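Chains A and B supply the protein sequences, listed in that same order. The letter at position 287 of the first sequence is residue 287 when you use our numbering, and the numbering goes up by one with no holes. The letter at position 45 of the second sequence is residue 339 when you use our numbering, and the numbering goes up by one with no holes.
In case anyone wonders, no lab produced these hints; they're calculated from the structure. Note that the coordinates shown come from a computational prediction; the quantities given were computed from them, not determined experimentally. Warning: the hint list may mix true and false statements.
Partner residues are not named here, just some residues of chain A that face chain B (Cβ under 7 Å, in silico) [claimed, not checked]:
1) Thr113
2) Val139
3) Leu142
4) Val194
5) Ser198
6) Ser258
7) Gly268
8) Leu281
9) Ala284
For glycine and all other residues, C-beta sits at the position ideal for the given N, C-alpha and C.
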Amino acid sequence: MAIATESNLAGTVVKPSKRKFVMVRLVFRKKITMVAVGFLLLVAVCAVFAPWIAPYKLNTPDLMAMLAPPSVHHLMGTDDVGIDLFTEVLYGSRISLSVGFISAIFAVVIGGTIGSIAGYFGGWVDELLMRLTDVGLSVPSLFIILGLTAVLGTSPATIVEVISLTSWMYPARLVRSRILTIRDTDYIFAARMVGCRSARTIFVHIIPNALSPLIVNCTLLVGQSIVLESVMSFLGAGMQPPNISWGYLLNQSQDYLSSAPWLAIFPGLMIFFVVLSINLLGDAIRDPLDARNR
Amino acid sequence: MSRFILRRVLQSIPVLFGISLLLFFMMHAMPGGPLAMYSHQPGMTKALLNQLKENMGLDKPLWVQYGHWLLNAVQGNFGYSYNYGVPALHMVLQRLPATLELMLSSFILAVVLSFVIGVISSVRQYSFVDYSLTILSYFGIAMPTFWLGLMVLVIFSAQLHWFPSGGLMSTGGGSLGDRIWHAVLPVSILAIYQIAHESRYVRASMLDALGEDYVRTARAKGLSEATVTWKHALRNALLPVSTVMILDGAYLFGGALITESIFSWPGMGRLFAQAISQDDYPVIMCEISLLSVIIILANIFSDVLYTVLDPRVRLS
Chain A
1 MAIATESNLA
11 GTVVKPSKRK
21 FVMVRLVFRK
31 KITMVAVGFL
41 LLVAVCAVFA
51 PWIAPYKLNT
61 PDLMAMLAPP
71 SVHHLMGTDD
81 VGIDLFTEVL
91 YGSRISLSVG
101 FISAIFAVVI
111 GGTIGSIAGY
121 FGGWVDELLM
131 RLTDVGLSVP
141 SLFIILGLTA
151 VLGTSPATIV
161 EVISLTSWMY
171 PARLVRSRIL
181 TIRDTDYIFA
191 ARMVGCRSAR
201 TIFVHIIPNA
211 LSPLIVNCTL
221 LVGQSIVLES
231 VMSFLGAGMQ
241 PPNISWGYLL
251 NQSQDYLSSA
261 PWLAIFPGLM
271 IFFVVLSINL
281 LGDAIRDPLD
291 ARNR
Chain B
295 MSRFILRRVL
305 QSIPVLFGIS
315 LLLFFMMHAM
325 PGGPLAMYSH
335 QPGMTKALLN
345 QLKENMGLDK
355 PLWVQYGHWL
365 LNAVQGNFGY
375 SYNYGVPALH
385 MVLQRLPATL
395 ELMLSSFILA
405 VVLSFVIGVI
415 SSVRQYSFVD
425 YSLTILSYFG
435 IAMPTFWLGL
445 MVLVIFSAQL
455 HWFPSGGLMS
465 TGGGSLGDRI
475 WHAVLPVSIL
485 AIYQIAHESR
495 YVRASMLDAL
505 GEDYVRTARA
515 KGLSEATVTW
525 KHALRNALLP
535 VSTVMILDGA
545 YLFGGALITE
555 SIFSWPGMGR
565 LFAQAISQDD
575 YPVIMCEISL
585 LSVIIILANI
595 FSDVLYTVLD
605 PRVRLS
């Protein structure tokens, strides 16, 4: 869920004594965005090159170092059979990040298609698709997700499908409302006049003009999907070995909360910082993409 | 007004219909189907299974089966739990009070704190306090609820031993103090995301209200800043926020599912997590249906509330 927008940064008259804070805020915001982007790139690079970066081989227990606390040898400590947690977190980032990313893309593509068809054609098509969207918004999504994985199984592909099938509604509404305003503009009339078919009008002329809010939404959805996957895995309805994710590691940490808290601390910190960075990035790209702020 | 409510209720019927189709599809996609529980019983033969299939109407066309299921579901018959043999609805309703206790307490906590934080942030916009609260809300939104729950357990329960690690009450206990002592951690964890999220809405909504002409008029009349803030601005800022809060309240069920699993809270969420791990499909279906209805009712309620609170909104 996005943070409520700063509706009147530009509109409010700021008292002189507060001006320095506005400056501080803008600078801080830019710097913090840079830090967030840098962190995300670092995590992404680490995920791609995990086998080369990892200090230990995955799934090689060291029975001499079971539940070892964080140290120089084991940066994040070890788990109950002596597997290096840092290595597991590195490999976990591959699953967590890719699931988050792919699910968000799917959700935006599904939602974008449904929203643009509904908005463009209007009438009963619109009515039908929007009722469908209402259905999606009225079901308790976490419960549906867990119910679906109980039925369909927990392969990574299923998890991506289930996550995207429960998060396309907001992009659909976003695109529809955007298209309703674009549909009656002159350049769409012009496109129709030169004989564009509906599909071409939608994909070549309308979607590019409705893209910016969608990109912001997609960014935020990546973070939400990462959290959703981790919740599923934490509750035991998500990733199973050998597909370890951060959520799965947290699921495994529960039995050792008092004896080995680091097992719960580090994977969770990764989720927290990645999602925080994604939210900061999403908010940072919202303002320049929003035409009203130009 | 009653016509408006009636129209909204009628509008929700196709939505409920869609949900029921979705649920029915899920039921049919289940491994083994409704006969799974019988097929493993000793002495079960193919002929007997077929007989059962006929008795249960599973040999009928799909749409007839859907009709039967729908008729039963509307009357509150969601079948029997595979593992306990009692009606699924009965099991879910039995767990409802514990969940409501958890949800209502954290909802009230979240609403009160969101307003306090949001109003302070907006009145002192761009101050140190505002920035600190903004940063905290970013943290609260990005922090996965279940991980925060684990961390709180590690610190306050495993290390400091201030609070129990879970449950509704101590064994043999049950006094009010004991129950509150058990509820502190789960209620706060469930409330934190709400507070982080909603205090931003309150702030944005307050900032809009504070910029309005009637606030300037109130100030020009010489009213005190406190009166202007709390009586004039806040009352108007309440409108958009109230609907957001009610809708968020309905989604608290999702958060309750997670919180109850972590803190062994014997509510609907924990029942659901158990049902999932035991493949107890009737309980799963019953709970999803019930929650969908609650969410739809909350939707209608928030629409109605909006028109009641704001006479400017025309009922059409």
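Cross-check of the supplied hints:
1. Against a cut-off of 7 Å between C-beta atoms, the interface hint on Thr113(A) is violated, since the closest Cβ of chain B lies about 19 Å away.
2. Using the Cβ-Cβ criterion of 7 Å, the hint placing Val139(A) at the interface with chain B is satisfied: the shortest such distance is roughly 5 Å.
3. Below 7 Å, beta-carbon pairs count as interface contacts, and Leu142(A) has one with chain B at about 4 Å; its hint therefore holds.
4. Of the supplied interface hints, the one on Val194(A) is violated, with its beta-carbon coming no nearer than about 39 Å to a beta-carbon of chain B, more than 7 Å.
5. Checking Ser198(A) against chain B: minimum C-beta separation of about 26 Å lies over 7 Å; hint violated.
6. At about 4 Å, the closest approach between the beta carbon of Ser258(A) and any beta carbon in chain B falls short of 7 Å, and the interface hint on this residue holds.
7. Evaluation of the Gly268(A) hint against chain B yields a held restraint, the C-beta minimum of about 4 Å falling below 7 Å.
8. Residue-level restraint check for Leu281(A) is violated (minimum Cβ-Cβ distance to chain B is 12 Å; threshold 7 Å).
9. About 12 Å separates the beta-carbon of Ala284(A) from the nearest beta-carbon of chain B, more than 7 Å, and the hint is not met.
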